[in-house]
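**Q** Just so you know, we're using our numbering here: the sequence shown kicks off at 1111 and counts up by one.
It is worth saying that the hints were derived from the structure and are not from the lab.
Careful, some of the hints might be misleading.
What the hints assert, rightly or not - Pairs of lysine to aspartate or glutamate, EDC-like flavour, derived with a Cα cap of 16 Å: (1) K1163 <-> E1289; (2) K1163 <-> E1202; (3) K1272 <-> E1259; (4) K1280 <-> D1263.
Unchecked claim - Computed spacing ranges between beta-carbons, pair by pair: (5) S1172 <-> C1265: 37 to 43 Å; (6) G1234 <-> N1180: 18 to 24 Å; (7) E1208 <-> K1280: 38 to 44 Å; (8) P1187 <-> A1292: 19 to 25 Å.
Note that CB positions come from ideal geometry on N, CA and C, so glycine has one too.
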Amino acid sequence: MEYAKMRAIAEELGTHAEQLEGAWRVEIGPSGPILAMMCPSKRHEGTVRRICKQLDEQLLTSHPGYICANGPEIEHPALGRMRRPDAIVIPEDVLDEEGLAVDASQVLAVIEIVSPSNPDNDYGQKLTEYPAMGIAHYMIVDPRTGTIEVHSDPCAGRYSRKDPYIFGDKVPFGAWTVETAAFRRYGRAGDSST
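All chains, full assembly: derive it from the sequences and hints.
**A** The following block contains the structure:
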């Protein structure tokens, strides 16, 4: 199916999702448009916030005019993909443009916080899609295990470099460093603090 048709379906799904209870997101993956319920925990959102705050401070000097944003969709029409990472590094002024999604060519980095319900998406599909989109840096933070992977150097549709870390490390990520000492792991099943 051509991307324009998939995009139109995704927009219809998004309009429908606005009428549903709860928080929903629409992405376009390998099998086409996907409507998924979002249930991020407080720890998930806390980790996203900590990363965005740290990167925003460093971007002031490393990449003036760029921000770490939580929420915008990114798309790559030639690949037929639209994703909504947990956070992206983009020029701030693209948020003033018309439309729903940021062109992947404007994205310097993406960050995904692994959810307990769908870890394969971040380690599987997105790990092949983001380098194919030309995104230079991809950080996967996994509160299930307390581990972090930083992927970089996209080449031939995959990242040629992978650097592993654990919570507590100072993690080099592109031109920046992410301090992870305050990151929290998800609790056990039935633990209301997750």
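**Q** Would you mind marking each hint as holding or not holding in the structure?
**A** Hints and how they fare:
no. : hint                        : verdict
1   : K1163 <-> E1289             : holds (11 Å)
2   : K1163 <-> E1202             : holds (14 Å)
3   : K1272 <-> E1259             : holds (7 Å)
4   : K1280 <-> D1263             : violated (20 Å)
5   : S1172 <-> C1265: 37 to 43 Å : violated (23 Å)
6   : G1234 <-> N1180: 18 to 24 Å : holds (22 Å)
7   : E1208 <-> K1280: 38 to 44 Å : holds (39 Å)
8   : P1187 <-> A1292: 19 to 25 Å : violated (38 Å)
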